[in-house]
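Chains as they are written, first to last, in my numbering: chain Y, -9 to 327; chain V, -9 to 327; chain R, -9 to 327; chain E, -9 to 327.
Read the hints as simulated data drawn from the structure, not as lab findings.
Predicted model only: the values in this text are computed from it and were never measured.
There could be a bad hint or two in this list.
Here are the simulated lysine-lysine pairs, DSS-like style, with alpha carbons at most 27 angstroms apart [as the list claims (entries may be wrong)]: (1) V/K17 - R/K22; (2) V/K60 - R/K22; (3) R/K321 - Y/K84; (4) E/K60 - Y/K51; (5) R/K317 - Y/K314; (6) R/K314 - Y/K83; (7) R/K138 - R/K166; (8) E/K317 - V/K321; (9) V/K60 - R/K321; (10) R/K317 - R/K146; (11) V/K84 - E/K311; (12) V/K317 - E/K84; (13) R/K321 - Y/K109; (14) R/K22 - R/K79; (15) V/K317 - E/K321; (16) V/K311 - E/K321; (17) Y/K321 - R/K321; (18) E/K109 - V/K321; (19) E/K138 - Y/K51; (20) V/K83 - E/K266; (21) V/K314 - E/K83; (22) V/K79 - V/K138; (23) E/K141 - E/K166; (24) V/K22 - R/K205; (25) R/K185 - E/K166.
Label-pair distances were calculated between CB atoms; the ranges are [unchecked claim]: (26) Y/K292 - R/G77: 48 to 54 angstroms; (27) Y/E65 - V/N74: 49 to 55 angstroms; (28) E/G133 - R/K51: 28 to 34 angstroms; (29) E/D307 - V/K5: 50 to 56 angstroms; (30) R/D307 - E/V72: 55 to 61 angstroms; (31) V/S13 - R/G77: 55 to 61 angstroms; (32) E/I20 - R/E142: 55 to 61 angstroms.
Quick reminder that beta carbons are idealized off the backbone N, C-alpha and C, glycines included.
4 protein chains.
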Amino acid sequence: MIVVLRPDATESQIKHLVEKIKSLGLKPMISKGVERTIIGVIGEEDILRVQPLEIFPGVEKVMAILAPYKLVSREFRHENTVVNVDGVKVGGKKVVVMAGPCSVESRELLLHIAKAVKKSGAAILRGGAFKPRTSPYSFQGLGEEGLKYLKEAKVKTGLPVITELMDIRDLPLLEKYADVLQIGARNMQNFNLLKEVGLTKKPVMLKRGMSSTIKELLMSAEYILSNGNFNVMLCERGIRTFEEETRFTLDLSAIPALKRLTHLPVIIDPSHGTGKWGYVPAMAKAAVAAGADGLIIEVHPKPEEAFSDGVQSLLPDNFDKLMKDLKNIAKAVGRDI
Amino acid sequence: MIVVLRPDATESQIKHLVEKIKSLGLKPMISKGVERTIIGVIGEEDILRVQPLEIFPGVEKVMAILAPYKLVSREFRHENTVVNVDGVKVGGKKVVVMAGPCSVESRELLLHIAKAVKKSGAAILRGGAFKPRTSPYSFQGLGEEGLKYLKEAKVKTGLPVITELMDIRDLPLLEKYADVLQIGARNMQNFNLLKEVGLTKKPVMLKRGMSSTIKELLMSAEYILSNGNFNVMLCERGIRTFEEETRFTLDLSAIPALKRLTHLPVIIDPSHGTGKWGYVPAMAKAAVAAGADGLIIEVHPKPEEAFSDGVQSLLPDNFDKLMKDLKNIAKAVGRDI
Amino acid sequence: MIVVLRPDATESQIKHLVEKIKSLGLKPMISKGVERTIIGVIGEEDILRVQPLEIFPGVEKVMAILAPYKLVSREFRHENTVVNVDGVKVGGKKVVVMAGPCSVESRELLLHIAKAVKKSGAAILRGGAFKPRTSPYSFQGLGEEGLKYLKEAKVKTGLPVITELMDIRDLPLLEKYADVLQIGARNMQNFNLLKEVGLTKKPVMLKRGMSSTIKELLMSAEYILSNGNFNVMLCERGIRTFEEETRFTLDLSAIPALKRLTHLPVIIDPSHGTGKWGYVPAMAKAAVAAGADGLIIEVHPKPEEAFSDGVQSLLPDNFDKLMKDLKNIAKAVGRDI
Amino acid sequence: MIVVLRPDATESQIKHLVEKIKSLGLKPMISKGVERTIIGVIGEEDILRVQPLEIFPGVEKVMAILAPYKLVSREFRHENTVVNVDGVKVGGKKVVVMAGPCSVESRELLLHIAKAVKKSGAAILRGGAFKPRTSPYSFQGLGEEGLKYLKEAKVKTGLPVITELMDIRDLPLLEKYADVLQIGARNMQNFNLLKEVGLTKKPVMLKRGMSSTIKELLMSAEYILSNGNFNVMLCERGIRTFEEETRFTLDLSAIPALKRLTHLPVIIDPSHGTGKWGYVPAMAKAAVAAGADGLIIEVHPKPEEAFSDGVQSLLPDNFDKLMKDLKNIAKAVGRDI
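Isolated chain Y (complex conformation) (with noise of 0.2 angstroms):
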């Protein structure tokens, strides 16, 4: 950590705090500039964090050295973290695709749909049971009844089942239907439900809030991680900016950030990101080539009929089509879909 004094520091204001940073079991190091003294303060940066220096007379800013996670971190560990999900494996040279209705409706369109996308090439089924509405008054989900449909789906079809967990109360039941527990955009931040998912072994796809740079994301994993889970995905799925032509902006620089800074897979939800199913197969093709690790895709056959974010779903034909165009570019790229 570096702490930069203002211009008008004076000896003792100084001396004040070079006997604090030594005080915490951290070593000063002070540069005298020819317009600021600065001071180098060597050790665990963590002790900083509660300890703000900002604060102390004469300080102008403090820069942090050092990322402020760790077991994320590809420092931490070089290689690219591979999540098993009952048998299939994110994060290796297979680019896998997660596809599925928005929410769960009925038994039988689900089933329908499973069915289309397996034959497509996904290889994990999604579809919400407890959905994150905006207005109250738009339908919520089934609960566990539609648990039991994605769980039905998983054993007539083979495909693994990811679907989002949304209350802490719901843990135990979503533990035992689904083999991928979604964070949501926003519960990024809830902490408490980090925690607790990071108690559990299930794998994880945590998506990153609106409004949460990758720092943050990574911050949020690492709560997940250093609870003892490390079965998990990261998936961009749009931040907020001004534009209005597209629901979100859709950040694939993720992508490359991630892969440095991280060695946990890397996923890409084009639907949520745009907004607008015309949108999704550029994107989807986009993100495959920038070298994402897998793609969560919402595939429905009557999107004027789905119950909630029909504008951004597939065709099960139009799928299958992207699907076709995925494969060419993951091998342009050296990967396999």
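Using the hints, position chains V, R and E against chain Y.
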């Protein structure tokens, strides 16, 4: 709701859409313009939230006419809501200042601060017992012990207490100790938590998410009101932008906007909204001038030793001086403090 | 255009508004709904841009039906525009790569880079002679001397040249030396500059402003086309968000969005869009996969000595390797490079 | 400047870097920490702007210690700058209100508004003769004719005049007619324009770009001061965010931030900053409470007929009432109007 058709929409597509609208019990009004045909849909817009018309062939876009919230709207209730916090009225002529430490750190310190802010004119004591922290390695709050100290401070000073609810499982505990349940920015769209506090009668202060629109804030409040609890205050605490000199951008235009759209009281948090104590007085004064019903301000006698957010806490003396300035501003806009 | 009235709009207010609409030669269509009266306005929307109806008593809001641009729209011209840059066709099957140094620094260096990028498959040479710099103390470009070197590099390699026009007064000079006039992000809404390049026949590459919407980019392009110059390419180069790991957030969803809305070619700038050379290859590949018509990439053999933006420049060897990868991606999406 | 090395930086990389630093006439100070080696660089940071050290092998990141601007900084000049606008002092005890129509539309209307705002207490008359418009089909201003009307209004009311300079070629004309040259948000980084106004002695009001940081605003002001013109005022007029209820988000925290960082006067534009006249009074009051040195407000007697921005203009009566309220606020914070 207005449905705008594509320039190449066919007669059969229009017919299909018109029949769908009628089948929902709504009335379509067709206008054929020079470049576009549009269909006005008359009836309950809510029906269309479940049946997205965007997805129909031939449709270019759908535009909502009405706000998606009801109970929180000015149209539903013209007069200002006044929330009674154990005798302190929020939303009336008096501007209510809530003050205290970011987190409860020790019994002595809390009592010391409570007495100081009471003396300066604060009407409600703030203090976190459960702290949402981006790092799993940071101080996470004293838990129930902290709540007990808050209760004791209330007994000694007479100040009602506001504290954050992070976890549904803690609700019974907080109902016992707190006078206002704070829902933090990171939980603004934790819809299950909103439902639960909606089932209590406790006053709730709902903070705007750092990337949430004013409309979404109102939708989240609607969750609470629609479950039966009308004792809700809204809090602006800064939104995320590209600016780096402040930690967030405190959106004071939310004050007149909320005053126009809703009957609920509006509180401003200049401490989190700027992230720097030096900017707190200017923004607190601006908030009162713009018509805020209350402020929530962090105060700490030794910010260098605070366990969290020391950088944005005012010293008790600075807070005392600010209160004097705020009284003058309040008077200038026809309010009291 | 749709005018939504306030719930308390009076009959006389409605009458006043209806008369105003008629007096403008437009046709009002009134629909009285359950909660609101709305008026559809049929006729030329442009008339209403000068006469804002929002301001009339009783009006709640006004919603535009049509896009505010014409000549740049897909509706105006269905086929893709192909811009001919001295024989190089931009907007056709071939993906065009423009490469070169950020700024022209010396004759030798420019010739060296020009030969290298030509060999790797670049089709157009980039290089700035006039540089927009945030600091008045930074290198501001070689001016006409730089333009002469670009011309010489063109003669020696056959690569047409793209360079930035910052100042209206430099237009005659640039017309003489450049094959494509680049309008930088900071000048996207320098409307007088747009008008002037609209009066030439030179191909123009218009960069999206860092806080401009896609719609505004199209409006700025409309300035150029409406003055007579249809040789326009659009360039996405990153928008401002709260994310700090990248210098900007490269909005690749602008590719499918622009492809839907306009007939003009779409170029992506991954160098400025990420600000870090390590992220350039992933984003360049993603851009081609998403359907970009071209790329503009910074290349410098000694980035440590570059006068500007060395941090985001690729080494010639890395660029050469990237071009090979791009060829594979282009093929996978049915394009060439 | 602080250079942070990668954990795997080799001794020879460090040596290479240290030699480079020395060769630039700077002094490297090496600190070997537990996890990282860092190098403090002592000397003129400006040298390093041309020689980016990020690019050297083994370097992880480089952090600047000093602000990149000088002449505009509080450190360079401790006392507030007071700009003399033909007798009206901006930056002193008196809060200066600039008011008038968005654009000059006719002689009669301008004179009418000028008299009205003068009577209410405005000190400077605003009005655009050249208008930056996003659409090429919108009203573009009266040009020199408008400037003549402004001059006449000045003669009749005694109010100095502020008007926008959009095009370098118009500078001689504006020098003749205007008392303050306004540089609009879209031209904040039109560096050549900044240089030219820097060469005059005319007062300049520089508006913050809608996606520009406070630091960038100061850098743009530095362009003007470094060319010799110290008569500069800064204007906050709203930044782009995801919020849709207001046209922009007016960043009032820029007031205390700029007051800390610079000696230049700070003006607030609540008309453009909100885009809705109903929100202008609250934000104008907030700005004065927060310490603004001035306001610039749009006033129009018939906003329904305004050629531009009628939606955000106050009626003269509303403006008059606002001025009375502002006087009370100004008094409450120790200022006059």
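Now for the hints, and whether the structure bears them out:
1. V/K17 - R/K22: holds (11 angstroms)
2. V/K60 - R/K22: holds (20 angstroms)
3. R/K321 - Y/K84: Holds - the C-alpha atoms of Y/K84 and R/K321 are around 21 angstroms apart, at most 27 angstroms.
4. E/K60 - Y/K51: holds (18 angstroms)
5. R/K317 - Y/K314: holds (19 angstroms)
6. R/K314 - Y/K83: Holds, at about 20 angstroms.
7. R/K138 - R/K166: holds (10 angstroms)
8. E/K317 - V/K321: holds (13 angstroms)
9. V/K60 - R/K321: violated (53 angstroms)
10. R/K317 - R/K146: Holds, because 25 angstroms separates the two Cα atoms, which is no more than 27 angstroms.
11. V/K84 - E/K311: holds (23 angstroms)
12. V/K317 - E/K84: Holds, at roughly 22 angstroms.
13. R/K321 - Y/K109: Holds, at about 25 angstroms.
14. R/K22 - R/K79: violated (54 angstroms)
15. V/K317 - E/K321: holds (13 angstroms)
16. V/K311 - E/K321: holds (17 angstroms)
17. Y/K321 - R/K321: Given pair Y/K321, R/K321 holds - Cα atoms ~11 angstroms apart, limit 27 angstroms.
18. E/K109 - V/K321: The given pair, whose Cα atoms are some 25 angstroms apart, holds under the 27 angstroms limit.
19. E/K138 - Y/K51: violated (50 angstroms)
20. V/K83 - E/K266: holds (26 angstroms)
21. V/K314 - E/K83: With a Cα-Cα distance of about 20 angstroms, the restraint between V/K314 and E/K83 holds, given a limit of 27 angstroms.
22. V/K79 - V/K138: With Cα atoms ~24 angstroms apart, V/K79 and V/K138 stay inside 27 angstroms; holds.
23. E/K141 - E/K166: holds (9 angstroms)
24. V/K22 - R/K205: Status holds; Cα separation ~25 angstroms.
25. R/K185 - E/K166: holds (25 angstroms)
26. Y/K292 - R/G77: 48 to 54 angstroms: holds (50 angstroms)
27. Y/E65 - V/N74: 49 to 55 angstroms: For Y/E65 and V/N74 the Cβ distance comes to about 54 angstroms; the hint holds.
28. E/G133 - R/K51: 28 to 34 angstroms: 33 angstroms Cβ-Cβ, so the 28 to 34 angstroms window holds.
29. E/D307 - V/K5: 50 to 56 angstroms: Check passed, 52 angstroms falls within 50 to 56 angstroms.
30. R/D307 - E/V72: 55 to 61 angstroms: Hint holds: Cβ distance 57 angstroms, inside 55 to 61 angstroms.
31. V/S13 - R/G77: 55 to 61 angstroms: Because 58 angstroms falls inside the window, the suggested range holds.
32. E/I20 - R/E142: 55 to 61 angstroms: With a Cβ separation near 44 angstroms, E/I20 and R/E142 fall outside 55 to 61 angstroms, so the hint is violated.
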